[in-house]
Amino acid sequence: MCRVVDLQQAVLAKNDACAHTLREDLAARGTALVNLLSSPGSGKTALLERELTLARDRGVPVAALTADLATENDAVRLARSGVPVKQILTDGLCHLEAEMLGGHLHDWLPAEARLLFIENVGNLVCPASYDLGETLRVVLASVTEGEDKPLKYPTAFGLAHLVVVTKTDIAEAVSFDEEEFRANVERVNPGVEVHLTSVRQGIGEGVLLDRALAARDGAPVHIPVMTRTSHHVHDESEPQPQDEHSADLDTVASSRS
Amino acid sequence: MHEMSIALAVVDQVDGAARPAGATAVRSVRLQVGELAGVVPDALTFSFQLACAGTVLEGAELDIEPVPARARCGACARTWLPGMPPRLTCPGCGGTDTELLSGRELQIVRVCWHDTAPHPPISQEC
Chain A
1 MCRVVDLQQA
11 VLAKNDACAH
21 TLREDLAARG
31 TALVNLLSSP
41 GSGKTALLER
51 ELTLARDRGV
61 PVAALTADLA
71 TENDAVRLAR
81 SGVPVKQILT
91 DGLCHLEAEM
101 LGGHLHDWLP
111 AEARLLFIEN
121 VGNLVCPASY
131 DLGETLRVVL
141 ASVTEGEDKP
151 LKYPTAFGLA
161 HLVVVTKTDI
171 AEAVSFDEEE
181 FRANVERVNP
191 GVEVHLTSVR
201 QGIGEGVLLD
211 RALAARDGAP
221 VHIPVMTRTS
231 HHVHDESEPQ
241 PQDEHSADLD
251 TVASSRS
Chain B
1 MHEMSIALAV
11 VDQVDGAARP
21 AGATAVRSVR
31 LQVGELAGVV
41 PDALTFSFQL
51 ACAGTVLEGA
61 ELDIEPVPAR
71 ARCGACARTW
81 LPGMPPRLTC
91 PGCGGTDTEL
101 LSGRELQIVR
111 VCWHDTAPHP
121 PISQEC
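Top line first, the protein sequences correspond to chains A and B. If you're matching positions, the first sequence starts at 1 in the UniProt record's numbering and goes up one per residue. If you're matching positions, the second sequence starts at 1 in the UniProt record's numbering and goes up one per residue.
Extracted from the complex, chain B is given alone in its bound form (with noise of 0.2 Å):
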């Protein structure tokens, strides 16, 4: 289960953004997980909580938001959804010459935090 690592590695960035830019509590961290990324999201959320702990980001949700995949025939520019396990030849003409559009995603899009920072790098308040 390398789903630890991953945590760890998600962890380890929010907590690089957060505490420089005057990061007292982590509420939630939403992150984009690919139907191809080889991850798997209940054993993602448990580990984030183990990861967590002692941190920044304590107590924090995390917020998983799934990725199907999707493909394009170069050949005939038929679009498809691979499904799992996924069909990467194309279901039209029987093409090789595939485009990934989605789905190998993983990717900490956005972070909600409490600081008491006057000047953050800030897109938007909630």
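Extracted from the complex, chain A is given alone in its bound form (with noise of 0.2 Å):
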């Protein structure tokens, strides 16, 4: 026989709770978890080089986790400032889930640590949709990925709490027009803050850093649109007859392979 059985679970549901429980965990201990994503050269790695430095000079205790899926670059790059650093290698799996995370924090986070820094495999499709039991998630795209990175990644500018530029020293050699990145993250996630950094020119030093202790002492962190998700039951999940369509950006023709 045949059954039909209504399950009405989330995919996601599994890492969801592992997040969640990580959160309180971490919340407990006084700790908040940073979750930084971006696609590969970017600039994570020297602007939390950077953030972790200058925690160390003025005091905070931090640690930071970096994952790539081959070699410990990073983690040696990251350990010049000082605090302590963990590699994670994910052997060729794309994005950080948050039981893989918890199992590298058992008997490794230091328990003084008041933020927790994770270098996300540098990527922005795959790890925007696993939380990580973050406080904070900021994304991060460079002067030289273009200004509509946005919007090809709407997902993952979508969900973020804070976005980071970086690079911006060398952002008029490559033409980048901040105003119209500015309107493109607008698009796709009203209301979030955008700050402009440069390791080289020491341009927003310490943004990451005084938003992360900021967020980790309650302060007020952007609620993106993506998931501020209605409560309504799915009746309305057809499109309804006064909706109307975003008719821009469609002077081009495209087809979903």
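Calculated from the structure, these hints are not laboratory results. Where a beta carbon is used, it is the ideal one built from N, C-alpha and C, also for glycine. Treat each hint with caution, since some may be false.
[What the hints assert, rightly or not] Below, in silico cross-link-like pairs of lysine to any residue (SDA-like), each with a Cα-Cα straight-line distance of 25 Å or less:
1. Lys14(A) x Gly92(B)
2. Lys152(A) x Ser28(B)
3. Lys14(A) x Ala28(A)
[Claimed, not checked] Each pair of labels, with its calculated beta carbon distance range:
4. Cys76(B) x Thr90(A): 42 to 48 Å
5. Glu180(A) x Leu50(B): 36 to 42 Å
6. Thr55(B) x Gly82(A): 46 to 52 Å
7. Ala43(B) x Thr144(A): 26 to 32 Å
8. Thr55(B) x Ala28(A): 34 to 40 Å
9. Asp42(B) x His106(A): 34 to 40 Å
10. Cys76(B) x Asp177(A): 40 to 46 Å
11. Gly41(A) x Asp15(B): 38 to 44 Å
12. Leu8(B) x Val174(A): 48 to 54 Å
13. Ala214(A) x Phe46(B): 41 to 47 Å
Put the two chains together into one complex; each comes in its own frame, and the hints tell you how they fit.
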């Protein structure tokens, strides 16, 4: 006999439950987690090394964990800051998951750490779907990546609590249009703050550390529209007659493979 | 591509519900995938077939129900289809107090299986 069973379970329920537990466990020991997401090569490691060094200089206890498919190069770079650092090798996996992260923190995370920075795998697609128990999710984009990056990766930028632009020292050389970038961020994540940084020129120094400490101490964190989901039952999931279509950006034909 | 991880999570959850209920073979799984869920249906279908191998879901069909994104403005109550890439500021008043009515779903809604158990949690028979 064939039976039809209504399961009604979120696919990522297990990850979300692990993330929730991790967030609570960390909060109980006074640690807030900061999840850094970006494309490969956008400058996560350089920015993080600067902010970790600043934390050490200010006497703020922090720790960092960096994830890559291969090599311990990033951990070596981050360790120059003098704060506790750990490398996760994902063996080809394109993102971190909460349960995996929890296993790596066990017996390693220093008790006094007020902030734990996670440098996620360089990828703007997959890591966006996985809550790691973060208090602050920061999405970075370098000026070389194009002003339309937020439109190309709307889930990643749409779920950010904070957006950071890196490498602004070369913005002029690559004709980076800051206004257009900001407008594109606003389109997918209205109200989110965008900060400009350059490690080489010292621009935006401390922005990551200060925002993370504020969030840890209970300052309000931006709530992205994509997380402000309706509690209505999905009797409205089909397009309604009164719905308007977003009509722009339709001048070039495209198709989904 | 994280669709394989998503597929494994689907198989894990369906297996966890089906086997204790006495299922001998899962025939189909219906999944809601929101337009803004960040999941590619074709890649998920491909991964699902691989993830099912050697489980009670072997050979099961994945039936994906796409859910379009819909948004409503908190200021002027206008509703709109944000599209892709999504426009989440109000196209009418320009407001940013937007509520997402749908589009982030990634939900197992229904499973059809063969079983031998006398009293599984049945919603209906087919």
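* To do: With 36 to 42 Å as the target window, see if Glu180(A) and Leu50(B) comply at their CB atoms.
  => Check passed, 41 Å falls within 36 to 42 Å.
* Range hint 40 to 46 Å (beta carbons of Cys76(B) and Asp177(A)) holds or violated -> The hinted range 40 to 46 Å is violated for Cys76(B) and Asp177(A), with Cβ atoms some 30 Å apart.
* Asked: Are Cys76(B) and Thr90(A) spaced within 42 to 48 Å by their CB atoms?
  -> Roughly 45 Å apart at Cβ, these two residues keep to the hinted range, so it holds.
* **Pairwise beta carbon distance, Ala43(B) to Thr144(A), judged against the given window 26 to 32 Å** => The hint (26 to 32 Å, Cβ to Cβ) holds, given that Ala43(B) and Thr144(A) are roughly 28 Å apart.
* Decide if the proposed pair is consistent with the structure: Lys14(A) and Ala28(A), CA atoms, cutoff 25 Å inclusive. => Holds, at roughly 21 Å.
* **Restraint status (C-alpha distance of Lys152(A) to Ser28(B) at most 25 Å)** => With Cα atoms ~33 Å apart, Lys152(A) and Ser28(B) exceed 25 Å; violated.
* Status of the given 34 to 40 Å range, CB of Ala28(A) versus CB of Thr55(B) -> This hint holds: roughly 37 Å between Cβ atoms.
* Asked: Using the C-beta atoms of Ala214(A) and Phe46(B), is the stated range 41 to 47 Å upheld?
  -> holds (43 Å)
* **Satisfaction of the hinted span 38 to 44 Å by the C-beta atoms belonging to Gly41(A) and Asp15(B)** => holds (39 Å)
* Does the hinted range 46 to 52 Å hold for Thr55(B) and Gly82(A) at CB? -> Cβ of Thr55(B) to Cβ of Gly82(A): about 48 Å, so the range 46 to 52 Å holds.
* Asked: How does the Cβ-Cβ distance of Leu8(B) and Val174(A) compare with 48 to 54 Å: does it lie in that range?
  -> Violated: the Cβ-Cβ distance is about 40 Å, outside 48 to 54 Å.
* Asked: Does 34 to 40 Å hold as the CB distance between Asp42(B) and His106(A), or does it fail?
  -> Taking Cβ atoms as reference, Asp42(B) and His106(A) lie about 37 Å apart, which means the hint holds.
In terms of the numbered hints stated before, the structure departs from hints 1, 2, 10, 12, listed from lowest to highest.
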